[in-house]
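S.K.: Below, each chain spelled out in residue letters.
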Amino acid sequence: EPEVTQTPSHQVTQMGQEVILRCVPISNHLYFYWYRQILGQKVEFLVSFYNNEISEKSEIFDDQFSVERPDGSNFTLKIRSTKLEDSAMYFCASSRVTSATGELFFGEGSRLTVL
Amino acid sequence: QKEVEQNSGPLSVPEGAIASLNCTYSDRVSQSFFWYRQYSGKSPELIMSIYSNGDKEDGRFTAQLNKASQYVSLLIRDSQPSDSATYLCAHPALNNAGNMLTFGGGTRLMVKP
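Protein chains in written order, with the numbering used here: chain R, 22 to 136; chain F, -13 to 99.
None of these hints come from the bench; they were simulated from the model. Hints are all accurate, no fakes.
Here are some chain R residues pointing at chain F (derived, C-beta under 10 Å):
| id | residue |
| --- | --- |
| 1 | K63 |
| 2 | V64 |
| 3 | Y71 |
| 4 | S79 |
| 5 | M110 |
| 6 | A114 |
| 7 | F126 |
Here are the simulated lysine to aspartate or glutamate pairs, EDC-like style, with alpha carbons at most 16 Å apart:
| id | chain 1 | residue 1 | chain 2 | residue 2 |
| --- | --- | --- | --- | --- |
| 8 | R | K99 | R | E89 |
| 9 | R | K63 | F | E31 |
| 10 | F | K53 | F | D13 |
| 11 | F | K28 | R | E129 |
| 12 | F | K53 | F | E(-9) |
| 13 | F | K28 | R | E24 |
| 14 | R | K78 | R | E89 |
| 15 | R | K99 | R | D84 |
| 16 | F | K98 | F | E1 |
| 17 | R | K63 | F | E(-11) |
| 18 | R | K99 | R | D83 |
| 19 | R | K104 | R | D83 |
| 20 | R | K78 | R | E65 |
| 21 | R | K63 | F | E(-9) |
| 22 | R | K104 | R | E39 |
Just so you know, even glycine gets a beta-carbon here, dropped at the ideal spot from N, CA and C.
This is chain R alone, in the form it adopts within the complex (with noise of 0.2 Å):
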């Protein structure tokens, strides 16, 4: 069964250093997502991506953060200059169709502990 893939499993950083998170989407899937969930919060959404390019973002994606379709297959999170408060688990989804109709598979999650 087809999954989306998430490199790495658990980074940690120190405090002003740039991160890189990792995706594999589902191969035909043409939405492409990052959430992410502090530890014992809700799930929220940080970015939609669509037809290369950025359709929707929250207001958590400040300018600290991009994310990049490099060569067709990945889909990456950058976060340039880390905080302590970034330390979350990032979770990359991917839709066929609009997230509006259409289900979201999640990826395992990146654990980012930033110290």
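Given chain R, put chain F in place with the hints provided.
M.R.: For chain F alone, kept in the frame of chain R given last:
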């Protein structure tokens, strides 16, 4: 801010009982609703979607939607210990292109053998 509210629980039910999970939402124009299950330390997994008022049944799961009262519920019949998880209610935020799901905080369900 469009909110989705859930009782955090834990909701504890004995094995074989019916578990009833509720969710209220504030966005009156929301048309579709989703229930995701999240095991501890894992990612959310869609278990039910519902788009119109009334009930929708899928195996042991029944989703109920009442748009007038702005609530959606999930019933789990014959609850099993493997159903122990956090159940997340979600809907698309329709003041945008519809690609953003707003999640509730989830209700933790514990099914005791």
